[in-house]
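**Q** This is what each chain is made of:
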Amino acid sequence: MAMATIGNSGAAERRVEDEIFRRGRDLRGSGFRTMLFAALAISILFLVVLLIQVFVDGWPVLDERFGDFWSGTLRSRSSDDKLGISQGMIGSFWIAVFVAVIAFPLGIAAAIYLEEYAPDNIVTKTIDIAIRNLAGVPSVVYGLLGLFLFVQTRELKDSTLYAGGITLAILVLPIVVITAAEAIRAVPSSLRQGAYGVGATKWDVIRTQILPFAAPGVLTGTLLALSRAVGEAAPLILVGAITGRLAPRDGSFLSLEQFSDRFTAMPIVIVGWVQESGRDAGFSAAAGAAIVVLLAFVISMNSVAVVLRNYFEKKRG
Amino acid sequence: MADISIPKPTTGLLTTDALAGPRSRARKEGAVKWILFSAALVSIAISVLIVLSLINEARVFILEVDWANTWGQQGWFPRQGLYDMPTLLVSSLIVTVVAMFVAGPLGLGAAVYLSEYASRRTRSLLKPILEILAGVPSVVLGFFALFFISPQVIERIGRNGWLVVGAIMIIVYVGMVFRWARQAMVAEPGTTLRTQLIRILTLTTLVALGLILIWWINDVAGSSDPASADFFTVKRSGQLAAAAVGVGILTIPLVASVSEDALAAVPEELRAASAGLGARKMTTTVQVVLPAAVSGIVAAFIIGISRALGETMVVFMAGGAADAARFTASPFDGGLTMTAGMASLATGTDNVVGEGLTFQSLYFVGLVLFIITLALNVMAGRYVSRVREKY
Numbered sequence: 001m002a003m004a005t006i007g008n009s010g011a012a013e014r015r016v017e018d019e020i021f022r023r024g025r026d027l028r029g030s031g032f033r034t035m036l037f038a039a040l041a042i043s044i045l046f047l048v049v050l051l052i053q054v055f056v057d058g059w060p061v062l063d064e065r066f067g068d069f070w071s072g073t074l075r076s077r078s079s080d081d082k083l084g085i086s087q088g089m090i091g092s093f094w095i096a097v098f099v100a101v102i103a104f105p106l107g108i109a110a111a112i113y114l115e116e117y118a119p120d121n122i123v124t125k126t127i128d129i130a131i132r133n134l135a136g137v138p139s140v141v142y143g144l145l146g147l148f149l150f151v152q153t154r155e156l157k158d159s160t161l162y163a164g165g166i167t168l169a170i171l172v173l174p175i176v177v178i179t180a181a182e183a184i185r186a187v188p189s190s191l192r193q194g195a196y197g198v199g200a201t202k203w204d205v206i207r208t209q210i211l212p213f214a215a216p217g218v219l220t221g222t223l224l225a226l227s228r229a230v231g232e233a234a235p236l237i238l239v240g241a242i243t244g245r246l247a248p249r250d251g252s253f254l255s256l257e258q259f260s261d262r263f264t265a266m267p268i269v270i271v272g273w274v275q276e277s278g279r280d281a282g283f284s285a286a287a288g289a290a291i292v293v294l295l296a297f298v299i300s301m302n303s304v305a306v307v308l309r310n311y312f313e314k315k316r317g
Numbered sequence: 001m002a003d004i005s006i007p008k009p010t011t012g013l014l015t016t017d018a019l020a021g022p023r024s025r026a027r028k029e030g031a032v033k034w035i036l037f038s039a040a041l042v043s044i045a046i047s048v049l050i051v052l053s054l055i056n057e058a059r060v061f062i063l064e065v066d067w068a069n070t071w072g073q074q075g076w077f078p079r080q081g082l083y084d085m086p087t088l089l090v091s092s093l094i095v096t097v098v099a100m101f102v103a104g105p106l107g108l109g110a111a112v113y114l115s116e117y118a119s120r121r122t123r124s125l126l127k128p129i130l131e132i133l134a135g136v137p138s139v140v141l142g143f144f145a146l147f148f149i150s151p152q153v154i155e156r157i158g159r160n161g162w163l164v165v166g167a168i169m170i171i172v173y174v175g176m177v178f179r180w181a182r183q184a185m186v187a188e189p190g191t192t193l194r195t196q197l198i199r200i201l202t203l204t205t206l207v208a209l210g211l212i213l214i215w216w217i218n219d220v221a222g223s224s225d226p227a228s229a230d231f232f233t234v235k236r237s238g239q240l241a242a243a244a245v246g247v248g249i250l251t252i253p254l255v256a257s258v259s260e261d262a263l264a265a266v267p268e269e270l271r272a273a274s275a276g277l278g279a280r281k282m283t284t285t286v287q288v289v290l291p292a293a294v295s296g297i298v299a300a301f302i303i304g305i306s307r308a309l310g311e312t313m314v315v316f317m318a319g320g321a322a323d324a325a326r327f328t329a330s331p332f333d334g335g336l337t338m339t340a341g342m343a344s345l346a347t348g349t350d351n352v353v354g355e356g357l358t359f360q361s362l363y364f365v366g367l368v369l370f371i372i373t374l375a376l377n378v379m380a381g382r383y384v385s386r387v388r389e390k391y
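Read top to bottom, the protein sequences are chains S and P. Straight run, no breaks: the first sequence in our numbering ends on number 317. Straight run, no breaks: the second sequence in our numbering ends on number 391.
No lab work stands behind these hints, which were simulated from the structure alone. It is possible that part of the hints are untrue.
[Claimed, not checked] Residues from chain S that face chain P, not an exhaustive set, calculated with beta carbons under 8 angstroms: (1) Thr126; (2) Ile131; (3) Gly240.
Predicted, not measured: the structure shown is a model, and the values here were computed from it. Ideal Cβ placement from N, Cα and C applies to all residues, glycine included.
This is chain S alone, in the form it adopts within the complex (with noise of 0.2 angstroms):
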């Protein structure tokens, strides 16, 4: 071995002093950039084709008859005028609104009282074990908890607007918890021994301090959470929610009876059209158009979320 390299020591030498004053080109190293860029490159592209597709397939639905589509319902046939996304609008609208009253609360205490309150013992332990496990538990079995909970009956026909929306919120949850946790986290310590100082309680440090610094961090994880809620088809779909025909229904967007009765929302619509468009392929257009509709809602959440944490972090420092 010893003779080899001695023999090679010419060409070792000169690929040494190539290799410092970079003669040779780093030709693998750029390679390599390339390749991870590419890698990165290709995730973006997907989103770009995806959204070309979509936006392909519905905008001529949304071209032709925006108005009719905005107000229309569920129907047997795509050709139908009266064919539209209203229910599924009114469904996750209130979806939307369930989130918000029992998510936003329950999840933005639980990371206060992790965050300020929590002892180290067994019991904080087992709460914070218990939410991160609840975040990695699939969407479905959330589905099969609310088909548990309130439709006892085994006959779908009892599942109810109420049923979903709180499905749901138990979804998100644990969403709001972590991101609501990592929020107050971030606030120096300096604000709550200043206002300790002054005399303030645990409770008017938070109210007074605390919260108000870590509100657009808060306000980011709601964000998120509400988007994925209205995003979200799978445990709608076990709860019961209707992908196939509904009965047109009088009274307005906000009318409370309607929580007691069955109920779609915009995902399911989406999963019920792409279902029929094997039968009637004018039903894969209406998906697309109703797509558009949704992800103009879920995208702007989202980037709104996004930017609103990157200014703060940024004016932060």
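Fit chain P to the supplied structure of chain S, relying on the hints for placement.
**A** Below, chain P without anything else, positioned relative to chain S:
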């Protein structure tokens, strides 16, 4: 802040009673604490309820089902009392593996680029786009998988895809063998004839096994009898491979963000030291940063697998099977994963109310899925905390 009353500097000693303030204030503090505590307890309650609901119904299934019908049957036909678990498990495995072939390299590559190579500007521009991809609802990817990936990608490459995979494997194999042979000949330090021979033999075995697996999946395992397939199932367009690519796309941002966190946790000193020793950027990245972040990256992959296993709608919409599925081991057939099987049970014509144990089978599959994902998540948590302890 109306209830804050400053203790009066009365005559005499300042007692602790005076410092404590009015009793109503203390009572309010206690009440607030209890309210917040009970909110935190909700998560435990939910966990318990999930486990209870799963076990409660799955128990009935476990006790009453004819176990001969859950293994080695022709497929998953819950309405006919055939609950063949391998059908669902193998489909889930196929979808997860293919999805991770998409999400693993792309997610990790994107993370390494963002964390090690990208300038601040590029990073602040591209990372939010990845985050938006993370927010795309799964029904949208189901639509995309069914109407784009399936006809434009999978059906075009089709079964020839295996030829491509096989060809790549052989090219890589030949390249590696040449390299190792050369290393043995010039006697590079750290290599002997023996180590090189062992390496070549190991690789040969692996490649041979891979090729046999491809041949088996292609010719033997796929349901070769389309007539009987039609008899049992309503065939839909789409196939497991298309759904799996969709699931993979959905998993990319997750893998990327967890691995990026792991890379960010590697102390800057390691990179500086490596550069100071004269290592190039690539050497630093591959030999210093990645090994230092390895447990976080493993965690990212495990979390990705768990996510891919639990993904429902993409497979339900684009997986190519409706209410029931024949057993298949080929990604180019239609099939039902555990999750999609549950969703289709819930949407079938007669909903969940079916013959015998249909309803309970839903919870049994749910319990199996829950146990697997829980185990994966706990494992991933271990790896993540290992990173935290290290740095």
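**Q** For every hint, state whether the structure bears it out.
**A** Right, here's what the structure says about each hint:
Because the closest C-beta pair between threonine 126 (chain S) and chain P is about 6 angstroms apart, less than 8 angstroms, the hint holds. The criterion of a C-beta within 8 angstroms of any C-beta in chain P is met by isoleucine 131 (chain S), whose closest approach is roughly 5 angstroms, and the hint holds. Of the supplied interface hints, the one on glycine 240 (chain S) holds, with its beta-carbon coming within about 7 angstroms of a beta-carbon of chain P, less than 8 angstroms.
Of the numbered hints given earlier, the model fails none.
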